[in-house]
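Those sequence lines, one after another, are chains A and R. Position one of the first sequence corresponds to residue 519 (my numbering), numbered consecutively onward. Position one of the second sequence corresponds to residue 172 (my numbering), numbered consecutively onward.
In case anyone wonders, no lab produced these hints; they're calculated from the structure. These numbers come from a predicted model, not from an experiment. Hints may contain errors.
[As the list claims (entries may be wrong)] List of simulated lysine to any residue pairs, SDA-like, C-alpha gap at most 25 Å:
#1 K520(A) to V231(R)
#2 K228(R) to K585(A)
#3 K585(A) to P629(A)
#4 K236(R) to T184(R)
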Amino acid sequence: QKEVEQDPGPLSVPEGAIVSLNCTYSNSAFQYFMWYRQYSRKGPELLMYTYSSGNKEDGRFTAQVDKSSKYISLFIRDSQPSDSATYLCALQNTGFQKLVFGTGTRLLVSP
Amino acid sequence: EAQVTQNPRYLITVTGKKLTVTCSQNMNHEYMSWYRQDPGLGLRQIYYSMNVEVTDKGDVPEGYKVSRKEKRNFPLILESPSPNQTSLYFCASSATSGGYTDTQYFGPGTRLTVL
Numbered sequence: 519q520k521e522v523e524q525d526p527g528p529l530s531v532p533e534g535a536i537v538s539l540n541c542t543y544s545n546s547a548f549q550y551f552m553w554y555r556q557y558s559r560k561g562p563e564l565l566m567y568t569y570s571s572g573n574k575e576d577g578r579f580t581a582q583v584d585k586s587s588k589y590i591s592l593f594i595r596d597s598q599p600s601d602s603a604t605y606l607c608a609l610q611n612t613g614f615q616k617l618v619f620g621t622g623t624r625l626l627v628s629p
Numbered sequence: 172e173a174q175v176t177q178n179p180r181y182l183i184t185v186t187g188k189k190l191t192v193t194c195s196q197n198m199n200h201e202y203m204s205w206y207r208q209d210p211g212l213g214l215r216q217i218y219y220s221m222n223v224e225v226t227d228k229g230d231v232p233e234g235y236k237v238s239r240k241e242k243r244n245f246p247l248i249l250e251s252p253s254p255n256q257t258s259l260y261f262c263a264s265s266a267t268s269g270g271y272t273d274t275q276y277f278g279p280g281t282r283l284t285v286l
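Could you put the whole structure together from the sequences, leaning on the hints where they help?
Written as structure tokens, this is what we have:
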């Protein structure tokens, strides 16, 4: 079983839709949860960073962590064509420097 | 501008011909890391370095070498490349705080093809 599972997509939505992207994980030691966005032919860039369970909002983006279910989500409101990218979840253990990445979900937002 | 740079961006080579991919960051970050990204497998860490002269293996270190002689540079060396090392490679760097890494900044990627 992989440490982190993420549906590869692609996920196609019309402009303005609410998007939900998700990852599940198996290691309860993960304490730091991140979402990276990767545009085609570019390196990943950090989008959201949360510690432990709960919600965090930043503009149109909301990150949600449910440690009891080992489930993390990224919600995008009022999605735009410029949101079309691959979204990777990344998790980090307490006491470790390494990030464990999901495989990424490709999102396509059509005008 | 704060950035991580990688060179070359694209490289086609043949089996067994030694190559080096350079990585440089201008943010004075202690931590640097190399990843490879393959379809269906995501980003996998090859090697990382917590500081100058301190390096350690990641998840997929076989066939790769690294060195950290200066804080800003972290080259990836393939002594004898093989076709299964055909991949997209990313270098990343971050500051550290209390032993934990902060936000990782990624370079633009190097697409390597080994024939």
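Status of the hints after comparison with the structure:
1. Between the alpha carbons of K520(A) and V231(R) the distance comes to roughly 15 Å, so the proposed pair stays at or under 25 Å and holds.
2. Taking the CA atoms of K228(R) and K585(A), the gap is near 29 Å; set against the 25 Å cutoff, the hint is violated.
3. For the proposed pair K585(A) and P629(A), the alpha carbon gap of about 35 Å is over 25 Å, so the pair is violated.
4. Proposed proximity of K236(R) and T184(R) is supported: the alpha carbons are some 17 Å apart, at most 25 Å.
Violated hints for the displayed structure, listed by number in ascending order: 2, 3.
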